[in-house]
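Asks: Got chain A sorted already, so can you dock chains B, C and D onto it with the hints?
Protein chains: 4
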Amino acid sequence: MLIVMSYNAGEEEIDAVVKAVEEMGYKAKPIPGGERTAIGVLGNTGYVDDVIIRDLPGVQEVIHVSKPYKLVSRAFHPQSSIINVCGVEIGEGCRPVVAAGPCAVESEEQIVKTALAVKAAGADLLRGGAFKPRTGPHTFQGLREEGLRLLALAGKESGLPIVTEVMSPESVGIVAEYADLLQVGARNMQNFDLLREVGRIEKPVLLKRGMSATIEEFLAAAEYILAEGNPNVILCERGIRTFETATRNTLDLSVVPLIKELSHLPIMVDPSHATGKRSLVPPMSKAALVAGAHGILVEVHPEPEKALSDGPQSLTFQGFDKLMEEVRKLNQFLGYGAEKDA
Amino acid sequence: MLIVMSYNAGEEEIDAVVKAVEEMGYKAKPIPGGERTAIGVLGNTGYVDDVIIRDLPGVQEVIHVSKPYKLVSRAFHPQSSIINVCGVEIGEGCRPVVAAGPCAVESEEQIVKTALAVKAAGADLLRGGAFKPRTGPHTFQGLREEGLRLLALAGKESGLPIVTEVMSPESVGIVAEYADLLQVGARNMQNFDLLREVGRIEKPVLLKRGMSATIEEFLAAAEYILAEGNPNVILCERGIRTFETATRNTLDLSVVPLIKELSHLPIMVDPSHATGKRSLVPPMSKAALVAGAHGILVEVHPEPEKALSDGPQSLTFQGFDKLMEEVRKLNQFLGYGAEKDA
Amino acid sequence: MLIVMSYNAGEEEIDAVVKAVEEMGYKAKPIPGGERTAIGVLGNTGYVDDVIIRDLPGVQEVIHVSKPYKLVSRAFHPQSSIINVCGVEIGEGCRPVVAAGPCAVESEEQIVKTALAVKAAGADLLRGGAFKPRTGPHTFQGLREEGLRLLALAGKESGLPIVTEVMSPESVGIVAEYADLLQVGARNMQNFDLLREVGRIEKPVLLKRGMSATIEEFLAAAEYILAEGNPNVILCERGIRTFETATRNTLDLSVVPLIKELSHLPIMVDPSHATGKRSLVPPMSKAALVAGAHGILVEVHPEPEKALSDGPQSLTFQGFDKLMEEVRKLNQFLGYGAEKDA
Amino acid sequence: MLIVMSYNAGEEEIDAVVKAVEEMGYKAKPIPGGERTAIGVLGNTGYVDDVIIRDLPGVQEVIHVSKPYKLVSRAFHPQSSIINVCGVEIGEGCRPVVAAGPCAVESEEQIVKTALAVKAAGADLLRGGAFKPRTGPHTFQGLREEGLRLLALAGKESGLPIVTEVMSPESVGIVAEYADLLQVGARNMQNFDLLREVGRIEKPVLLKRGMSATIEEFLAAAEYILAEGNPNVILCERGIRTFETATRNTLDLSVVPLIKELSHLPIMVDPSHATGKRSLVPPMSKAALVAGAHGILVEVHPEPEKALSDGPQSLTFQGFDKLMEEVRKLNQFLGYGAEKDA
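Residue numbers (my numbering), protein chains in the order written: chain A, 1 to 342; chain B, 1001 to 1342; chain C, 2001 to 2342; chain D, 3001 to 3342.
Bound-form chain A, shown alone:
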C-alpha cells in the first residue's frame, strides 16, 4: 500500500500517518518526492483495509498494490484450473465447450427437442432458464420448479449435462438437485448471500460478469465462492453496459486473455446476451474461441420467433448446425481434436 500525501502536508501530518500505520502492525517508510511525500506500507501479507488511513489529515490518496482477491488469482495458484462438469472438462488445454439451448424452458416438447438437436449438432452442455430474471414484473418469469424438472428430463434424454440459473440463496438447494452446473446471472454477481450459498455446495458454478462490474469486482465476486470452499467456478463474460445501444450490451472480449493472466479459473463467453442479435452470434462465437475462451454459451430455440424471451438473439437449429460446423473446423485449426469423442 502506498499513501500519497497532499502537496502541502507538513511533517506533523506525515508523522501521524506513520504512527497510524505502525499501530496497525505494519512498517511505514516515507518517500519524499519532488512535489509531495508518499509513504510506503511494508509488512502486510495481503490486502490492507485503508479506512483509518484514508481519512487522516494531509492524506491525498491511498493506492493499493495488493488486490481484494487472492484465492482466484494466478499469483496465488499458478496452475490453470480445469472444472469437470459430469465428465465435460472446461479450462486451459481442453477443447473449448459449447453450452446451447433456449433462454427459457417453455415446455417439455420445446426443451427435449432442442436438447436432442443441439446434442446432434455437437453441443457439450444443455442450457435453459427455469427461473428468469426479467426487468418488469408483467412478463414471463419462467416455469420455475417445473422448468427444472423438464430441463433434467431433456438432459437425460440427450445425455447432456445441464446448466441453469439460480436466483436466490434459498433456491440453491432445489436448483442443485437438478442442475449439473449452477449459473449465477449478471444481475446477481454482487448478490453476496447467493455467492456464499453456492460456495457451500460442491457442484460447479458458472459466474456471469455483472453489467457494470470491473474485472477486479468480477474476480472478487468469484473469491466469495472460493472463500466458502467451492473451488469449481467458471467465469463468463456476457457483455457490459456502455453508451452504445446498437448492440444489447458491449462484448468485452479483451477480458478473455486478460483474465487468463490474472486468474487460474476458466473463462467462457456468451455472445447471445452480449450482442442481442442473431446475426452477430456466429462471428463473435468464433472470435471468442480465437481469443482463447474456454467455451461459449449459445441460445438456440426451435422457433425463435415464438420464444417467450430473447427470441431475436436465438439461433435456429439450422443456424446452430452451421455454427457448430464452423466451430469444429476452428477448433481443429486451433489444435484441438475436431471431434469430442475423437
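Calculated directly from the structure, the hints in this document are not laboratory data. Do not take every clue at face value.
What the hints assert, rightly or not - Derived pair list, reagent style EDC-like, types lysine to aspartate or glutamate, alpha-carbon separation capped at 20 Å:
| id | chain 1 | residue 1 | chain 2 | residue 2 |
| --- | --- | --- | --- | --- |
| 1 | A | K119 | A | E303 |
| 2 | D | K3277 | A | E13 |
| 3 | C | K2277 | D | D3049 |
| 4 | B | K1277 | B | E1261 |
| 5 | B | K1067 | B | D1049 |
| 6 | C | K2306 | D | E3013 |
| 7 | B | K1019 | A | D50 |
| 8 | B | K1306 | A | E13 |
| 9 | C | K2306 | D | D3049 |
| 10 | B | K1277 | A | D50 |
| 11 | C | K2277 | B | E1146 |
| 12 | D | K3306 | C | E2022 |
| 13 | A | K306 | B | E1261 |
| 14 | A | K277 | B | D1050 |
| 15 | B | K1306 | A | E61 |
Replies: Only chains B, C and D this time, still in chain A's reference frame:
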C-alpha cells in the same frame, strides 16, 4: 407498439406481421413511409410482449410506446404519493427529510452516540448498515442481527425511526422486525426475489438505483414491489457508474425532476455514496434539495478516520451540524418551515 | 512516481529499474512490500514521462503522483482566477453569471429579439452559435460569418457581451474579431491545434468538457491554452455520455465543487445541453448555482418549436423570465446582491 | 418518422401536429393506440429534421426510422466498397491487411528499421505518427513535417504505402503530399471541418471511431467525407471508453459484423490502442480477423521500452514476426491465400 420493417421488406412479409399481430388479439395498421413501412399496433391496454414479432422476417425494429411499468407511473396515478415512516412524511409538498448515520453499525457506543448527535442536529431518520455488501469477502461484512438490535436501541434512545439495508429474501422478516424503513441496495436493485419479498410486507421500502440501471429499469424494479401489494416505496438516486473515476460514482441529479414527471413515488438522494468524498457532500446535498429531492441520506460517523467502511465520505458531527444549519436555511428559502416541529 | 514490480520480479529486474530511473536523472528508492516491491521515484519537479520504465521486465504498474497539468492547478496557483469578459466578472466571489440565447443564430430578427429579451430578464451575456457542429452533414450547419455579424449586432443593441463557438484553428481570427468570449465545444475539447490557437489570443475562452473526458483530461486540455500564454479560461460542465438515455447527457454536477478544489479557473454549467429537456433546465440551473457554479449557460429561443436546432431544450422568453426571477432570489439567498448593478 | 403523443394529448394537439407535418410537405397519419396516439409521417425520402415537431404541445417523443446518413449505408449502396491504397486492396473479399509501425516517428533510424522489419514480416502498410495528439501539452507532440518526410523515406525504402494522422484542416495539404492513407484520429472524429477537408481530396481516409461515438455517429462522420466527394473511406474500431479501466479502452469487436451489415465501407481494427497492453494484442488481432475485419493496425517498435509514446502496447520485431506467422495461417484457414503475392 410500432413495428418498423426493413427497407427491402416485401408485401408478403408485411402481411405476415399483420397476421401475427392480429393473432395476438390486436389490430395492425401498416403505415407506408418514404423508405420503409412501419406497422402500428392498436388495441393494447398495456405493455405488449414483442417476442413473437421481433423475429419475423423483414422486421427491423420494434418500438414500444407503452412502458414496462404501470403502477409506479404518474400517468396511472397522477397524485404524488406521501410515504409515512413512523410519523415522518416523505414526498411532494413535505419538508425534505434527512436520514443520517454511519455506513455500518460498529458498536453500541458508536451508534447511540451518532443517533443522539444527528437527532440533536435535526435529522429525521437514523441510517446504519447491519448487513453490509462488500466487494470482497475479506473485509468487514457488518454486525448482522446484533447490528439490527443496536440500531433499534439507538433509534429508541434518540426517538428517530431507523432505515437499514436488507440483502436477501430470507432476512426480510428479521430486518422488518427492527427497521422502520427497509433499504434495498444498489447491487440488489434487480434481485427480483428480494423485490417481491419486500413487496409482501407493509413497511415502507427505500429502493436505491442500481449502478448501471436506466430510469426505466429503476421504475420497473419499483413496479415489482408495488405489484406484490406494497405501495410504500421511496426511490433513491445514489450515483451511477461511468468512465469518470475522480468521484466514486457520478451523481445523476437530473433524474430528480425527471422521476417526479414520470412517477408519483418520492425520490431521495444519497450524496455520500454518489461522490465518495466528504468535501463534496454538503454542496451536493444542497443541490439535491434545490433540484427538488424529497430528502437526502448522509453518512455521519463520530470518528470517520476510524470507520470500518466508507470513512472518507462520512461527515464528522461538527460537519453534519454545519450542513444541517445550511439545510434548515435552504428549506426555509424553499418555502418549508425551518423547524421540523415548527 | 511509484513503480510497482510484479510479485515474482527478482533482484536483477529491480536493479534494472533503479538504474533506468537514475539514468533519467532522478533518484530511485526501492520499498519492499509484503507481496511485492515498489520503487519510489524522487527528485522530479513535475510530471515524469514513464514510457521507458513501464516496459522494463518485471514492472507491473506505474503510478503517477504528479498530474499532467500544472498551470491550471490550484496547487500551483492557489488564488482563484476571476475572468473579465468586457466588464462582466466571472469566478469565485462574484455573483454567478447567466449566458443566454439561442443554440443557433438564425436571423437578425431572431437574435436581436432574443438579445433584448434576455437582457431585460437580467442575463449577463448573449450566447448564440454561428458555426454549428452537427452529427450529420445533411442538417443546418449555422450561418457562419453572417451569423457572427448578426450576433455582434445583437450584442451591441442589447449591450451584452457575446459568446460563440469556434470550430477550427483557422477561424479563430474571424471569430475573435466579433466574439467577447470564444467557446471551444465538447467535440473539440481535444482538438489540440484549436486549443493552441485560442491560447495565442488574448480574449477569454470558454472550454466545454468533452463528452467522455475525465476531469484530468479536461484540466489538461485547459493546460494547452494556458501553456500558450492565455490565462483567461473558463471551464464548463455540459454533461457526459453514459448508458442513460432518458436525458441527452448526464449532468455531472459533482465536478463543480471538485474542480474548485483542483483548479483556480472558474467553472460554469450548461444545463440545456446536459439534460436536453426544457422542463429539467430550471431545476438543474438552480442546483448548479447552489453547488457553487460561477455561472450557467441557458438556451432561450423566441419560438422553440421552430428552432433550427435544439428546440426541445430551449426556454421560451416567458420561461426564461421565470427562471431569472428564481435565480435572482437564489443569488440573494446565497449572499450575492440580487441585482447586477446593485 | 413517428411522433408519439403523450397519454393526455387532446384532439386539438393532435390536429396541430398533423398540420405542422403537412406544412413541412409530408403526410401525417394518426394511429390511435391503447394508451396514446402516435402519428406516422409519410412521404419523406430521407432524414426529416424534427425540430419543429418535437416541441409542439402534447408531443412526447419523435422516433426516426430513417438514419442521419445515406451515402455510407448499405441500403443505398449494396455492393461492398474496395478501397485501393497504392495497390493494396482493402475490403470484403480481399485478404485482410496489416498496417504496422510505431505510434510515433522518432528518428530516421527508428522508422526505416521498423519499416524494413515489418515489411519482411509481411505487413502491407507502414503506420507511424508525425503529428501526435497528447492529453497534456508537456509531453512529446511528434516530429511534425520532419516526421512526414522520414515516414515517406521509410515507405520508399521498404516499398510499403504509408498511413499517418492528420490533425487539422490546414495540414491536410501537407499530410496528403506524403501519406498514401490519411488517418483521422478518434479525438477528431467529430472535428467536422477536418472531415470536410479530407472529403475534398482524392486520397483514401482511415476514420477512427471516437472514444464515445455510437455506430450511428461514426457512420454519420464518414458521411461528411463522402458528402464532399471522397468515397475512399476505411472505418476503424479502436476501442470505446467505458467504466472498465483494466484495459486502456474497451474493444467493441461486435461492431465489425454489425458495420458490415449497415455500411458498404471496409472496417479495420486497432487492437493496440484498444487494449493498451502488448500481451492482449495478438489474441485480439486474431479475434478481429475471425470476426470479419478487413485489416488490423498494430503498433511495432524496435525498442518498445524506449518508445516516446505508447511503449507498453507496442510489439517488438520478434513479437510481430510471431503474430504475422499466426495471421498468415489464420488467413489461410479463413480462405485467403497465405501469401500476399501468392
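Asks: All hints are to be evaluated individually against the structure, with a verdict given for each.
Replies: Do the hints match the structure? See the list:
| no. | hint | in the structure |
| --- | --- | --- |
| 1 | A:K119 x A:E303 | holds, 17 Å |
| 2 | D:K3277 x A:E13 | violated, 38 Å |
| 3 | C:K2277 x D:D3049 | holds, 17 Å |
| 4 | B:K1277 x B:E1261 | violated, 30 Å |
| 5 | B:K1067 x B:D1049 | holds, 11 Å |
| 6 | C:K2306 x D:E3013 | holds, 16 Å |
| 7 | B:K1019 x A:D50 | violated, 63 Å |
| 8 | B:K1306 x A:E13 | holds, 16 Å |
| 9 | C:K2306 x D:D3049 | holds, 11 Å |
| 10 | B:K1277 x A:D50 | holds, 15 Å |
| 11 | C:K2277 x B:E1146 | violated, 47 Å |
| 12 | D:K3306 x C:E2022 | holds, 15 Å |
| 13 | A:K306 x B:E1261 | violated, 36 Å |
| 14 | A:K277 x B:D1050 | holds, 15 Å |
| 15 | B:K1306 x A:E61 | holds, 16 Å |
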